[in-house]
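K.L.:
Based on the provided sequences and hints, a complete structural model is requested.
What follows is the residue order along each chain.
There are 2 protein chains.
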Amino acid sequence: EILAAITAQLGANAPQGSLAGRRILVTSGPTHEPIDPVRYIANRSSGAQGTALARALRDQGAEVVFITGPADIRPPEGVEVVAVQSALEMEAAVQAALPVDAGVFAAAVADWRVASASDRKLKKSKDGLPVLEFAENPDILKTVSRMAQGRPPLVVGFAAETNDVVENATAKRLRKGCDWIVANDVSPATGIMGGDENAVILISDQGAEEWPRMGKAEVATRLAARIATTLNSKS
Amino acid sequence: EILAAITAQLGANAPQGSLAGRRILVTSGPTHEPIDPVRYIANRSSGAQGTALARALRDQGAEVVFITGPADIRPPEGVEVVAVQSALEMEAAVQAALPVDAGVFAAAVADWRVASASDRKLKKSKDGLPVLEFAENPDILKTVSRMAQGRPPLVVGFAAETNDVVENATAKRLRKGCDWIVANDVSPATGIMGGDENAVILISDQGAEEWPRMGKAEVATRLAARIATTLNSKS
Chain A
1 EILAAITAQL GANAPQGSLA GRRILVTSGP THEPIDPVRY IANRSSGAQG
51 TALARALRDQ GAEVVFITGP ADIRPPEGVE VVAVQSALEM EAAVQAALPV
101 DAGVFAAAVA DWRVASASDR KLKKSKDGLP VLEFAENPDI LKTVSRMAQG
151 RPPLVVGFAA ETNDVVENAT AKRLRKGCDW IVANDVSPAT GIMGGDENAV
201 ILISDQGAEE WPRMGKAEVA TRLAARIATT LNSKS
Chain B
236 EILAAITAQL GANAPQGSLA GRRILVTSGP THEPIDPVRY IANRSSGAQG
286 TALARALRDQ GAEVVFITGP ADIRPPEGVE VVAVQSALEM EAAVQAALPV
336 DAGVFAAAVA DWRVASASDR KLKKSKDGLP VLEFAENPDI LKTVSRMAQG
386 RPPLVVGFAA ETNDVVENAT AKRLRKGCDW IVANDVSPAT GIMGGDENAV
436 ILISDQGAEE WPRMGKAEVA TRLAARIATT LNSKS
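Respectively, the protein sequence lines represent chains A and B. Residue numbers 1 to 235, in this note's numbering, belong to the letters of the first sequence in order. Residue numbers 236 to 470, in this note's numbering, belong to the letters of the second sequence in order.
Quick caveat, the hints were computed from the structure, so don't treat them as lab data. Just so it is clear, CB atoms sit at the ideal spot from N, CA and C, and this is done for glycine as well. Each hint should be verified, as a subset may be incorrect.
Label pairs and their calculated CB-CB ranges [as the list claims (entries may be wrong)]:
#1 E315(B) / T229(A): 19 to 29 Å
#2 V131(A) / E315(B): 36 to 46 Å
#3 R213(A) / N398(B): 50 to 60 Å
#4 P334(B) / A189(A): 52 to 62 Å
P.N.:
Here is the structure:
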């Protein structure tokens, strides 16, 4: 009985679950790209899927670094939270979080920032219309996927598509050099954007695997389990 | 004693407060102007001051129509809530809410919308940079202020300035044709944007009246009292 108590005590302190001892980075939410002090460009992302995923990875025992843009929902407890606004800030936070066993890039990062961002509020001018000049943001997924040294053993990207989902997401996987793309159809008719459910197609070197429509928490649990299986088969 | 009970009963049902019987419109929050199904341009507005004001007007017995963009905070209870996204939607909601005894335009309405808004997600093109064409949004404050018929007896605008606050807000009052401008300094150093406090300058035909820095609820109570005094002196 004493032995059982000691074992239980040891068990409570030791990392548990299929991802125990793994360090996993998750990006989530939108980014906000400033135009001037009162205006910005944003992506329509609630952060729901990324947050659910961080929670599921934590539940499997992973040490989770959760890098989040300004999302509507609260980050999960028990993960390391890094809050950022812009894509440039997110990139810096990702670099600082490496090395990791897996990187999951669920954030909706702005492709572009406003190069001509002003530190004064833009006024209506004579002709009434602003001229915004854009600059390309760093491609965080591609950069991490193509690291010559220290690339995470598993790199997972997300793709929100409104049309030709499998075709666009498959091309994205090759273009970025990541291992998987978690693709979904966010065209307004699906009601997925901002909703509780997700209909996911997992793109890997095995092709496209369509998952049934299910809750975002369920998608997260299933993805976390798949990540565990993959990491544990590699090492 | 019976008479007292009847009087109390009547009192409970009759509108109370200095704005009883007045219908007041309040706009609040940011607007979101779509770029494509997943991107939009937003204004940095929490909706805190507009929401506090709607609550204070309600507490003074006014019938409040609260037209709100996608704000972070919940609208108050006991007001008629009209939720909108874009400036065009807000303008339509304002027109539908007229006539009113006073219109308070606290929303941070986008000056411009994206004329070239796409119903498909914009892709990175060969040169990598999008071209956004803008169109001017309706100027809701100016339109209502300059109504030839049915103009609300009191029209109040807001001005969020980062520099030359009194000068810019005084010019804005004349340009729009509204009765008052509630001006504040939202330059980052003040910490007002997104904070609990506000430092307001009330611009009217009497000049600029600087209020001490106080909580947004207190600013709202003071503004509601001023609105009541003004409306009650007019009729």
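K.L.:
Against the structure shown, which of the earlier numbered hints fail to hold, in ascending order?
P.N.:
Hint check: 1 and 4 fail, others pass.
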